[in-house]
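Colleague: Line order of the protein sequences matches chains A and B.
Under the working numbering, the first residue of the first sequence carries the number 1, and numbering increases by one thereafter.
Under the working numbering, the first residue of the second sequence carries the number 152, and numbering increases by one thereafter.
Rather than coming from a laboratory, the hints here were simulated on the basis of the structure.
Worth double-checking, as some hints may not be accurate.
Going by beta-carbon spacing under 8 Å, a handful of chain B positions derived as facing chain A [as the list claims (entries may be wrong)]:
hint, residue
1, R162
2, M173
3, M179
4, V201
5, V212
6, V221
7, V234
8, G236
9, D237
10, G244
11, K263
12, V264
13, V265
14, L269
Beyond 10 Å from chain A on every Cβ pair, some chain B residues (computed) [unchecked claim]:
hint, residue
15, K155
16, H202
17, N268
Here are the computed lysine to any residue pairs in the SDA-like style, where the Cα-Cα straight-line distance is at most 20 Å [unchecked claim]:
hint, chain 1, residue 1, chain 2, residue 2
18, B, K286, A, G85
19, B, K225, B, K261
20, B, K261, A, D128
21, A, K110, B, F240
22, A, K112, B, V265
23, A, K112, B, K287
24, B, K286, A, E109
25, A, K136, B, N267
26, B, K283, A, E102
27, A, K136, B, E254
28, B, K287, A, E102
29, A, K132, B, N267
Quick caveat: nothing in here was measured; it's all calculated off a predicted structure.
Heads up, the beta-carbon is just placed ideally off N, CA and C, and yes, glycines get one too.
Protein chains: 2
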Amino acid sequence: MFSKTCEYAIRAVIYIASTGTMDNKTGMTEISNNIEAPAHFTAKILQTLVHNDIVSSQKGVNGGFYMNKVQRQKHLIDIVRAVDGDTLFSGCGLGLSTCSEEEPCPFHEKYKVVRNNLKNMMESTSIDDMSKQLKKGRKFVRLEEMSKNEQ
Amino acid sequence: MFSKTCEYAIRAVIYIASTGTMDNKTGMTEISNNIEAPAHFTAKILQTLVHNDIVSSQKGVNGGFYMNKVQRQKHLIDIVRAVDGDTLFSGCGLGLSTCSEEEPCPFHEKYKVVRNNLKNMMESTSIDDMSKQLKKGRKFVRLEEMSKNEQ
DNA sequence: TATTCGCATGTCTTTGAAAACATAAGTATA
DNA sequence: TATACTTATGTTTTCAAAGACATGCGAATA
């Protein structure tokens, strides 16, 4: 459904929201370890997210990534839009560039329902929500080892 | 949402269902022209669909692709399964191999709703349905030029 | 039964996402 | 202010999906 880049992005953001604070920033290595994503690739994705004001970063000693209150209140759709653009939520299900509301393809109506369903879900699900789910016991990649990695 | 291969497959099947009959089979060239897909790649995809008993083919003079009654009553999900497998309908939204019903990731519940929604839609939409939509006026790639190409 | 038409199949090439590498630049702290 | 630490950024490499090519095989028909 989502691209690999996008999956990593969402995983990273949820992880940072659950661990990174202004006072205790989360480092690159810890992030990529815990979301099981290649370190350098994650770094590049995080750049994009910083540019799109979804996460914040700080260089240097004791630097790392973190999220402020406003950023935590953003929604999953903001991550997808920053990384993959809006195609998934607005494009034709069969990839037809000629398909539109005025000249719909045979699949248009049925697909639109599902697509809007997905869009609404992504629009209404905040990063905070996901972070709470994680803390509530929803397993992530290596949540149980988090404290170990943070040593 | 779907892979390029899968988009072509669905487009091809809808086209064949709308034009190919036992007596008047639809040729490769006509298909790839009308669904705007590369000819050789379409040929390879059609092979897969023939093997999966979604379309039928006949070699030789006056040969081509067509669909019988049973095949026309199959559903869109059968095409996706044949081409892309079942991952889209059963996999984790964040691509986590560890995520399951027993150990769900934070995104699991919300994603499952949308995923099942998509699955139900693909399960309940028959190829016949799509073919009827096309004939009812839903524009496809070059429906208006179909007669021209068939000369 | 030979010829021609058109699908079937395997291999090769291209392209772009994904991943790795190398280096720059900013920040804290001793 | 020098050093160690950590993110930022640009370039290169890898790999799989997408697409192109070449050839095999089956069926109709003259």
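Colleague: Compare the structure with each hint and give your call.
Modeller: Hints, verified against the model:
Interface restraint check for R162(B): the shortest CB-CB distance to chain A comes to about 6 Å, inside 8 Å, so the restraint holds. At its closest, the beta carbon of M173(B) sits 23 Å from a beta carbon of chain A; the interface hint therefore is violated under the 8 Å criterion. A cut of 8 Å between beta carbons decides the hint on M179(B): the least distance to chain A is about 19 Å, and the hint is violated. Proximity of V201(B) to chain A is violated relative to the hint, the smallest CB-CB distance being about 21 Å (cut-off 8 Å).
The beta carbon of V212(B) is not positioned within 8 Å of any beta carbon in chain A (closest approach about 31 Å), and the interface hint is therefore violated. Nearest Cβ of chain A to the Cβ of V221(B): about 21 Å, over the 8 Å cut. The hint is violated. Taking 8 Å as the C-beta cut-off, the interface hint given for V234(B) is violated, the closest approach to chain A being about 13 Å. For the restraint placing G236(B) at the interface with chain A, the shortest Cβ-Cβ distance is roughly 14 Å, beyond the 8 Å limit, so the hint is violated.
The restraint placing D237(B) at the interface with chain A is violated, with a minimum CB-CB distance near 13 Å, outside the 8 Å limit. The closest approach between the C-beta of G244(B) and any C-beta of chain A is roughly 6 Å, which is under the 8 Å cut-off, so the hint is satisfied. Interface restraint check for K263(B): the shortest CB-CB distance to chain A comes to about 10 Å, outside 8 Å, so the restraint is violated. A cut of 8 Å between beta carbons decides the hint on V264(B): the least distance to chain A is about 7 Å, and the hint holds.
The interface hint given for V265(B) is met, as the beta carbon of that residue sits about 5 Å from the closest beta carbon of chain A, less than 8 Å. Hint status for L269(B): holds, given a least beta-carbon distance of 5 Å to chain A, under 8 Å. Residue placement check: K155(B) does not keep its beta carbon more than 10 Å from all beta carbons of chain A (closest about 7 Å). Under the 10 Å C-beta cut-off, the non-interface status given to H202(B) relative to chain A holds; the minimum distance is some 22 Å.
Some Cβ of chain A comes within 10 Å of the Cβ of N268(B); the nearest lies about 5 Å off, and the non-interface call is violated. Note on K286(B) and G85(A): the hinted pairing is violated, with a Cα-Cα distance of about 33 Å set against a maximum of 20 Å. For the hint pairing K225(B) with K261(B), the CA-to-CA distance comes to about 29 Å; that exceeds 20 Å, so the pair is violated. A hinted pair counts as satisfied when its Cα atoms are at most 20 Å apart, and K261(B) with D128(A) qualifies at roughly 14 Å.
At roughly 17 Å between alpha-carbon atoms, K110(A) and F240(B) fall within 20 Å of each other, so this suggested pair holds. Between K112(A) and V265(B) the alpha-carbon distance is near 13 Å, which keeps this suggested pair within the 20 Å criterion. For the proposed pair K112(A) and K287(B), the alpha carbon gap of about 18 Å is at most 20 Å, so the pair holds. With a CA separation close to 15 Å, the supplied pair K286(B) and E109(A) stays within the 20 Å bound.
Under the criterion of a C-alpha separation no larger than 20 Å, the hint pairing K136(A) with N267(B) is inconsistent with the structure, at around 24 Å. For the proposed pair K283(B) and E102(A), the alpha carbon gap of about 18 Å is at most 20 Å, so the pair holds. Taking the CA atoms of K136(A) and E254(B), the gap is about 12 Å. The hint holds against a cut of 20 Å. Among the hinted pairs, K287(B) with E102(A) is consistent with the structure: their alpha-carbon atoms are about 14 Å apart, no more than 20 Å.
Between K132(A) and N267(B), the direct Cα distance comes to roughly 24 Å. Violation of the 20 Å bound is thereby established for this hinted pair.
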